[in-house]
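Student: Kindly produce the complete structure, drawing on both the sequences and the hints.
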Amino acid sequence: MPELKLFNTLSRTKEIFKPINDPNVKMYTCGPTVYNYAHIGNLRSYIFPDILKKLLTYIGYDVRQIINFTDVGHLINDADIGDDKIEKAAAEKGQTAWELSKYYAEAFKRDITALNISFPSKFTYATEYIQQQIDMIRTLEQKGFTYLTSDGVYFDTQKFPDYGKMAKLDIEGLDEGLRVDFKDKKNKTDFALWKLSPNDQKRQMEWDSPWGKGFPGWHIECSAMIFSELGSHIDIHTGGTDHIQVHHTNEIAQSECSAEGKFVNYWVHGAFLVLDKDKRMGKSEGNFIGLQNLIEEGFYPLAYRYLTLTSHYRSFLSFSPDILKSAQTSYFNLKKLIRSASEKNDDLNNEKAIIYAKKIIDSLLDDMNVPKAIGIMWDLVQDNEVGGKNKIDIIANYDQILSLNLLDFSDFPELQIEIPQEIVDLANQRWDIRQKKDFQESDRLRKVIQSKGFDIKDSKDKFDIVPII
RNA sequence: GGCGGCAUAGCCAAGUGGUAAGGCAUGGCUCUGCAAAAGCUUGAUCCCCAGUUCAAAUCUGGGUGCCGCCUCCA
Numbered sequence: 244m245p246e247l248k249l250f251n252t253l254s255r256t257k258e259i260f261k262p263i264n265d266p267n268v269k270m271y272t273c274g275p276t277v278y279n280y281a282h283i284g285n286l287r288s289y290i291f292p293d294i295l296k297k298l299l300t301y302i303g304y305d306v307r308q309i310i311n312f313t314d315v316g317h318l319i320n321d322a323d324i325g326d327d328k329i330e331k332a333a334a335e336k337g338q339t340a341w342e343l344s345k346y347y348a349e350a351f352k353r354d355i356t357a358l359n360i361s362f363p364s365k366f367t368y369a370t371e372y373i374q375q376q377i378d379m380i381r382t383l384e385q386k387g388f389t390y391l392t393s394d395g396v397y398f399d400t401q402k403f404p405d406y407g408k409m410a411k412l413d414i415e416g417l418d419e420g421l422r423v424d425f426k427d428k429k430n431k432t433d434f435a436l437w438k439l440s441p442n443d444q445k446r447q448m449e450w451d452s453p454w455g456k457g458f459p460g461w462h463i464e465c466s467a468m469i470f471s472e473l474g475s476h477i478d479i480h481t482g483g484t485d486h487i488q489v490h491h492t493n494e495i496a497q498s499e500c501s502a503e504g505k506f507v508n509y510w511v512h513g514a515f516l517v518l519d520k521d522k523r524m525g526k527s528e529g530n531f532i533g534l535q536n537l538i539e540e541g542f543y544p545l546a547y548r549y550l551t552l553t554s555h556y557r558s559f560l561s562f563s564p565d566i567l568k569s570a571q572t573s574y575f576n577l578k579k580l581i582r583s584a585s586e587k588n589d590d591l592n593n594e595k596a597i598i599y600a601k602k603i604i605d606s607l608l609d610d611m612n613v614p615k616a617i618g619i620m621w622d623l624v625q626d627n628e629v630g631g632k633n634k635i636d637i638i639a640n641y642d643q644i645l646s647l648n649l650l651d652f653s654d655f656p657e658l659q660i661e662i663p664q665e666i667v668d669l670a671n672q673r674w675d676i677r678q679k680k681d682f683q684e685s686d687r688l689r690k691v692i693q694s695k696g697f698d699i700k701d702s703k704d705k706f707d708i709v710p711i712i
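In terms of the numbering used here, the first sequence opens at residue 244 and continues consecutively.
Just so you know, the hints here were simulated from the structure itself, not pulled from any lab data. Just to be clear, a hint being listed does not mean it is correct.
[As the list claims (entries may be wrong)] Think about it this way: if two alpha-carbon atoms lie no more than 35 Å apart in a straight line, the pair counts; the simulated DSBU-like pairs of lysine-lysine are:
no. : residue 1 : residue 2
1   : K568      : K703
2   : K505      : K615
3   : K632      : K587
4   : K522      : K257
5   : K386      : K456
6   : K336      : K522
7   : K456      : K431
8   : K248      : K579
9   : K680      : K700
10  : K705      : K695
11  : K522      : K248
12  : K429      : K411
13  : K568      : K632
For clarity, every value in this text was computed on a predicted model and none was experimentally measured.
Tutor: Structure below.
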């Protein structure tokens, strides 16, 4: 099997990937909290695991991937309120928390489908693993890693010597007090495993537990779902870089204390999408752009996928409508070149094609250097010494991993817009006039057509009508 | 305050020791009655300073600027 190198956050270096149980690969992708639509920055974090999964599959591994939905329990900012984002958003929309989270989970599935992100082996919902979470907390309790406070069960991070190792945390230096409900905790890094419902408030989402009615803490769900679906030791865990310090650090702590031994072999973290002014896009930042917003503006979801693939998954990706516009142009230009290669369909079967193919897979195997692979694809499709058939074979092969629909020519923007009869009539009229060499009048008619959103391309004995995009 | 990251042409972006991929935009040319499309073509000493080296965008040190995490966020 070809050698894949992955940048592992644990060592901060690229390591050669070795599965625990070859050829099986267990992979967990930290999913969304479903109290709103995913924005395009969130969605970026599901594209690179999709590439990773497809790459692993391509080189011969059997991948089992889980993506979770956090459909309960994330607090807004103050534990004393006892309110969480899902319940709050539901109240605002006049829905139940259950309806709301279901709705956004479905919206997420729709978005990733549009982006050609294939579904995991299984989607898991945190609320369907309450018992497993309680069981894990009990295990931790029995082993002495927890303590009770007035509002729940907490994990005592001091009992886990390796706490914060991956994040290289300097616990002394953490800004103490910034973390919620610090007042009741023994250490500032301690975190809630089970939160008790406030006495004076009835939550929509709450469950009985050995410690009283309440709901799971912020991190336990991932560990419980992983243990339940993949086991206590997995190969790959993906997520955004913002989770390194808290969420994943806590996952490691509770998991490795619950079961003995290593929890995750390879932690793979993706960088943020940033806006023009280098600002992070965030659900709380008020600069939210969803995939549907882009579609409404006339962008193609796969143009967005293409954009994300032109930048390395560990680098910031700059985003603006102009940047996406240029990516979309580039994307369709690439497809046009591929289309003309497919029309040629000559088989030169030369060494060069083989070299291109090798360069592409080598780039992908080097910590998923997708942007480099795409650059090589550009060189390939523009190389006149390589036959059309050879090009198509290579593109078809690697599009299994990139999933850009590079061989589907039915989605060109000019083919998507129906030409109104009025425009067709005008164009025919113009053509007749032009045949009579009345260029002044034919140019006038072209301007009329242009003002209605279409353009005319003349050639020797025919013309084409194309929408202006 | 602590920890981490980034700085490559107008814009996006590869490259991590051997003399700057690729894309978008722009200018020029060809084609065209004109245009569009298409094809060809044009461009950077890699934030600054110092050092190591035969050789640095790439390594080291020091600056400057920007960003992220430490509070739910990918």
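Student: CA of K429 to CA of K411, is that 35 Å or under?
Tutor: holds (21 Å)
Student: Given the hint that K568 pairs with K632, test it: the Cα-Cα distance must not exceed 35 Å.
Tutor: Distance ~30 Å between K568 and K632 Cα, so the pair holds.
Student: Please work out if K456 and K431 have their alpha carbons no farther apart than 35 Å.
Tutor: Given that 35 Å is the threshold and the Cα spacing comes to 25 Å, the pair holds.
Student: Between K522 and K257, does the CA-CA distance stay at or below 35 Å?
Tutor: With a Cα-Cα distance of about 28 Å, the restraint between K522 and K257 holds, given a limit of 35 Å.
Student: Hey, K522 versus K248, does the alpha-carbon distance stay inside 35 Å?
Tutor: holds (30 Å)
Student: Between K568 and K703, is the straight-line Cα distance small enough, at 35 Å or below?
Tutor: Given that 35 Å is the threshold and the Cα spacing comes to 32 Å, the pair holds.
Student: Taken at face value, is the distance from the CA of K587 to the CA of K632 at most 35 Å?
Tutor: At roughly 8 Å apart (the allowed maximum being 35 Å), K587 and K632 satisfy the hint.
Student: Has the given pair, K336 with K522, been kept, meaning a C-alpha gap of at most 35 Å?
Tutor: Measuring from Cα to Cα gives roughly 29 Å; hence the hint holds.
Student: Verify the proposed pairing of K248 with K579, using a straight-line Cα cut of 35 Å.
Tutor: holds (32 Å)
Student: Please work out if K680 and K700 have their alpha carbons no farther apart than 35 Å.
Tutor: With a Cα-Cα distance of about 16 Å, the restraint between K680 and K700 holds, given a limit of 35 Å.
Student: Quickly compare the C-alpha distance for K505 and K615 to 35 Å and report which way the hint goes.
Tutor: holds (33 Å)
Student: K386 and K456 were given as a pair; does the straight-line alpha-carbon distance stay at or below 35 Å?
Tutor: Within the cut-off at roughly 22 Å; holds.
In summary, this structure violates none of the numbered hints.
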